[in-house]
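Q: Residue numbers (the numbering used here), protein chains in the order written: chain A, 1 to 466; chain B, 1 to 303.
Among the clues, some could well be false.
Residues from chain B shown here face chain A by an in silico Cβ test under 8 Å; the list is partial [said to hold, decoys possible]:
no.	residue
1	Asp-80
2	Pro-155
3	Pro-227
4	His-272
What the hints contain is simulated information worked out from the structure, not anything from laboratory work. Just so you know, even glycine gets a beta-carbon here, dropped at the ideal spot from N, CA and C.
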Amino acid sequence: MGAGVRPGMSLAHARALLPLGGVQVELFTPERDGASLRALAQWALRFSPLAAPDPPDGLLVDISGCQQLFRGERRLVSQLARAVERLGFTARLAVAPSFGCAWGVARFGGEGLTIVAEGGAREAISSLPVESLRLDEGTCLALHEIGVWRAGEALAMPRASIPARFGPGLLLRLDQALGRAPETIEPMRPVEPMRPVEPVRVERVFDGPTARLEAIEVTVRDLLTAMAKELARRGSGAMRIDIELTRVDSEPVRLAVILGRASRSVHHLWALLGPRIERVNMGFGVEGIAMTASRTGRLRHEQAECWRTGREGGTDDAALWELVDTFANRFGPERVARAEPVATHIPERAFRMCPMLARRARAGEKPGGGLAPWDRPSLLLDSPEPVRVIAVTPDGPLSRVQWRGGEHRIVTCTGPERLSPEWWRAGPDERHATRDYFKVQDEEGRWLWVYRELEGNRWFVHGVWE
Amino acid sequence: MLAILSQRQGLHDLAERVRAIENRPAGQAQEGDTRGVPTGWGVAWGPARAASEGESVQGQTGAPGLLARGVVHEWFGPVDAPDAARGRGGQSVWSPPLCIFAHLARRSLVDAQSGGSDGWVVWIGRRCWAYPRVLAGGRDTDGALLDRSVFTDPPDDGGRLWAIELALRCRAVTAVIADGRGVDMAGSRRLQLAAKAGRALCLVARPAEEMRELSAAATRWLVRRAPSPGESAKESGEAGEGGPRWIVELLRCKGVRPVAGALRPVIVEWDHAQGAVVVPADVVRRAGGATDEGERGRTRRTA
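Use the sequences and the hints to build the structure in full.
A: Next up, the structure:
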């Protein structure tokens, strides 16, 4: 700007004014500018509840009443100016009693910040050009033709003749600049931030502290009923319930119940909660109970049945999940598991026991697919047990195996089945030596799965067919 | 005299009604539920025997080739072949007959699915967890058993009994396979009642040294290891698939008068290709094979 580059100038002119390489050419895209302006207006909502973009290059903010929050109008505006500057914009600011006045002063008044005091609007705009009144081009030209260049001169004209000579627009703009006519702006609506759905929370406070188990049990059931009602209204079921019992003079007791599948059945939830409540140390008495469904899942409405017409798959599954929940809440979630096949040929790693509660219900999930029909023992020992073997010839079939203190005479021996380590595994502890597996039968009919480590030539029993 | 007669008649009627009520399985509305699970080994027991056993066996427990639901089946072993009474196999390293359990669980699941419901199989006790590869089945099956198996490992004996009872009462469960070590008479009665309330096939494994313990189980089975001809025999075309073999013997069947030789021990073999425990072909041949029961026998004869 200092070099004299103005909007509307040709690119060649600007290049002539500025030193070599000082001109950066970017395509003018009004839509992107508009979007950016709207974003700025959204941002400006932190200074005032009313902010509106004023395309193409303005921002209107109604700060009346907001100065209280910023300890004064000047502080507010300077803070706004600094913030806009930090965002990378060069801004001219004006504070005035009316939008019209502020518009003109910001564009045609002094550099930086101008503050027009209450009642100083006429004085502030009278020295500005008539363009500062937000007039259309035709009206401006008409005013210029009769020698009116300044807004003050336009204000001095007799009011009665203005509409007839220049149309109604000029009078309205004059009045708006002086604050005589109302002006509406279209403020940005604040974007609602994403807020998590309020968890279902129910609470009861006792009249006085109580240590009676019956009272607490009744209250918990009551809370469960209330919670189930609210969950039913939302069409969801609880997957985790947190209970807090506030006690007199001591820390509150917190209990948590985790479910494998969303449920809002009071009967089931009570079956999980009841035994836990019984064991709570109530101290000097419980003052209140709060119950929160901190994790919920969708649960579609189920038609109540008057007569049992038959069983559906869904209800059977629900029964199983209730069983799983009950087990998991008594034994711990990791003690209720399902086996998931893993794509590997290493026997001890071929299946993973996953806790049932950690299971995500995936559609189309099909475990068991792609399992090769290998002959594997029905019992795989947790860790292979070292054994001593005797073979008649070094690489021939085994004749005796000493295992668990007994000597087994081998009558049949099939193999070897060679299982190589997975070379793509990184650590040496994850890889074992190449193994040759043999399926052997002793004379009593016991079948063992023994292997030899090729490195070191050691023998182990890895499994049994029982 | 007439009065006494009618009184006696009334008492008789009453007794009949009480018996009927007692025998009616609780909570079993469907006809199919009272039926047993086919083991597929009926061929070895033979149909003629089954007929001579009469309906008491059919209704109650182990009709040949049929394992009743709603009662507890106790399984001992496996013990070594030569002498079961010695109980050599039952030290601390005891492990249940997992192949047979996997087979029965699969049969139970198939049975439940044919009845129109998707059942679940619950394995209770770490000792009873079969290596999942066995559950995944052979070439023929699609891993349904593995998919519908739940494994749980209660930390203590009380918890184990509680878990078995709860699983038995759950209507989504079609088979419960549990480690029943150390369950006493009261506990087994609890289990029997729970089994009666549900419709699950209940298989409880116990070590062989507990064979003398009292129990309320409906049947007790003993599994002994049997030498198998092995792969070599298979190649030479003699007999068998060459898998592990066991002798399954019915030790006790509640409510059935012991008839000598009624249910003689049956030799079964693990066929990993099918993922099933079957009666080996050579045994079928020896038994005469003249039977309608068991598809296995049929296929053998046509082959």
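Q: Hey, does the Asp-80 of chain B contact hint survive, CB to chain A under 8 Å?
A: Since chain A brings a Cβ to about 5 Å from Asp-80 of chain B, closer than 8 Å, the hint holds.
Q: Can we keep the His-272 of chain B interface hint, with Cβ of chain A closer than 8 Å?
A: At 4 Å from the nearest chain A Cβ, His-272 of chain B passes the 8 Å test, so the hint holds.
Q: Have a go at the Pro-227 of chain B hint: is there a Cβ in chain A nearer than 8 Å to its own Cβ?
A: holds (4 Å)
Q: Minimum Cβ distance from Pro-155 of chain B to chain A below 8 Å?
A: Given a least distance of 6 Å, the restraint on Pro-155 of chain B holds.
Comparing the model with each numbered hint stated earlier shows that all of them hold.
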